[in-house]
Amino acid sequence: MTKPILEVKDLARYFGGVKALDGVTLEVPERGVIGLIGPNGSGKTTLFNVVTGFYVPTRGEVWYAGERIDGLNPNEVFLKGLVRTFQIPRLFPSLTVLENVLLTPPRQVGEKILVAPFRSRWEKQEKELARKAVALLKKFGLGDYVRAKVSELSAAHMKMIETIRGLITDAKVYLLDEPAAGVAYTTARELFTFIRRLRDEEGLTFFIIEHRLEVLMDFVDYVYVLHNGKLLSEGKPDEVMNDPKVIEAYIGR
Amino acid sequence: MLPSFDILGFLVSWGTFLGIYAILAISLNLEVGLTGMANFGKVAFYGIGAYLAASLSVYTVLAVYHVAAAPYTTEGIIALGKYGGANPALDLGIFAASLVLGFIIAGCVGYLLTYPTLRVGPAFLGITLLAFGELLRIFLLNYQPLGASKGLSGIPHPFLWIPDPVLRERLYVLVVLGFLAITLWFAERITNSPFGRVLKAVRDDEVAALCMGKHVPRVKATVLFIGSGMAGIAGVLLAFYMSSVNPNMFVPAVTFNIWAMVILGGMGNNKGAVVGAAIITFVDRILTFITPNLGITIITPDYIRWMIVGILIVLVLMFMPGGLVPEKPIKTPAWEAVEDLEKEPARGGDEA
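Keeping their order, the protein sequence lines are chains A and B.
Under my numbering, the first sequence has 77 at position 77, and the numbering climbs by one with no breaks.
To get my numbering, take the position in the second sequence, counting from 1, and add 1000.
Extracted from the complex, chain A is given alone in its bound form (with noise of 0.2 Å):
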């Protein structure tokens, strides 16, 4: 392993009295592809929210690439380099396949008020990212694509875009909040041989939650088990998956 970009130092989120996430301490390495496992409710969306921004959290500590990033605002956060993904993939369905990958890139000359009108302006950076982001899609195979509305892509096509969209950017680090729900089979095994590739190809880190472990563990380096909010295990996928006390907390006593 090598040097971690994503560090969470004793986190600690409450609602009230329930103790959403109670001192969890891990790290993501560089380049690493790491799962984030547990039961419902075990605190995995919420360590999401709190490393994203969504959430300040009650106690701990968060640190990206040397700096410390808690209780910055979720727009903040990406533009560090940390790009999150959701369970049900929210892409934006009035605009265009190419349109969504286009929003993505941060202080684009045209998004201020002042600017837009005068397209001479902004005309230029605007083209080099439309060819940017054609060349991302075709990429990854989804060059047929480009003028597609989002309502007509597959669940899988949806979160490889999102993922894509963050790839214009410069973003090093995805938060992939379950990738592989609501596919069949096959298609959850080409959206983790995507990731894979985009960790070779282009040296990105990932962090995912998921429930199907029968897909993830074959694709990931490490994996951390939460459990009512702590860490219950963590290590290899095969040490973690024959763990007595991972069995016990997904199959109860």
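Since the hints were derived computationally from the structure, they do not count as laboratory data.
Hints should not be assumed to be uniformly reliable.
[Said to hold, decoys possible] Below, a sample of chain B positions facing chain A; criterion: calculated Cβ distance under 7 Å:
hint, residue
1, Ala1201
2, Gly1213
3, His1215
4, Thr1222
5, Ala1334
[Claimed, not checked] Okay, the calculated bits of chain B under chain A, using three or more residues with CB under 8 Å as the criterion:
hint, region
6, 1184 to 1193
7, 1204 to 1210
8, 1326 to 1333
[What the hints assert, rightly or not] Just a sample of chain B residues kept apart from chain A, beta carbon distances all over 10 Å, derived:
hint, residue
9, Lys1082
10, Gly1084
11, Leu1092
12, Leu1136
13, Arg1168
14, Arg1170
15, Trp1306
16, Val1314
17, Val1316
Computed from a prediction, not measured in an experiment: that's the story for all the values here.
All C-beta atoms in this analysis are idealised placements derived from N, C-alpha and C, irrespective of residue type, glycine included.
Starting from the known structure of chain A, arrange chain B on it as the hints suggest.
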């Protein structure tokens, strides 16, 4: 003004109202149609523009000519009538200053009002703005320096120094339509730009837009600043056209009339907003012209008009749910780049 049927006179009157209401409809479309912010208080910003123009002009004229009377007294109104058209430079200067200040002040009020409500749902924003509009009207109804229930009159028309009233009105309609043209140009340009793309993204899914690094509260506040500023301009244009303002011109029904225009024309399409405004102001003007005893105020309860508008909306929503001019995809130079790429011979390497 009212011969059997004066077609040109009708067109001038319709054109003026069309221009004013189309500016309001475009501004509402930017907020509701493109960004998804339900503004139920549009009339407040329209009223701010109108009252700003009215108070600025009458107080300035009285001060310049050293008249001690207040503008809402009989003496004040007589003095305003006497000095109103005396100095073309003064009239035009007041007009220009009102437009600039109307835009800035209405815009700033919109910006500030949205601050406490931006992080909550759209319904809260709508209700807050609706309440603000009513509070403003009730304040105006009771605030003596602005004429209370009688309002302010004797607002000097910017072309009052031209002796012929018909020519004056024709010049004014050109000014109003000029402002409409600028507003439409601006709205179309920002819609078809990366900024417009962000607006539609915010409308579709605020949380996802936030996750994609967009500063959603700032985007919304910017749109409300611009939209309210545009409504302020419309109010200034109305005040100088009517030459008087009173609180009952700014009832909540005005807001819903503008909503009707946007729904009729097509949510999310600026040209649709203009079409909607054209239809509703046409119905309104034609009724005013054929029933002369209704007088010139558009706010007189006019049940036939409301019925016609209601029927039109039901018909349009039944047969053309997107409105008469439905929303169009965003056009940016990105598509030109895509077309250029498609024209290039494939260099191989992609799996199709």
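Quick check: which numbered hints come out false for this structure? none
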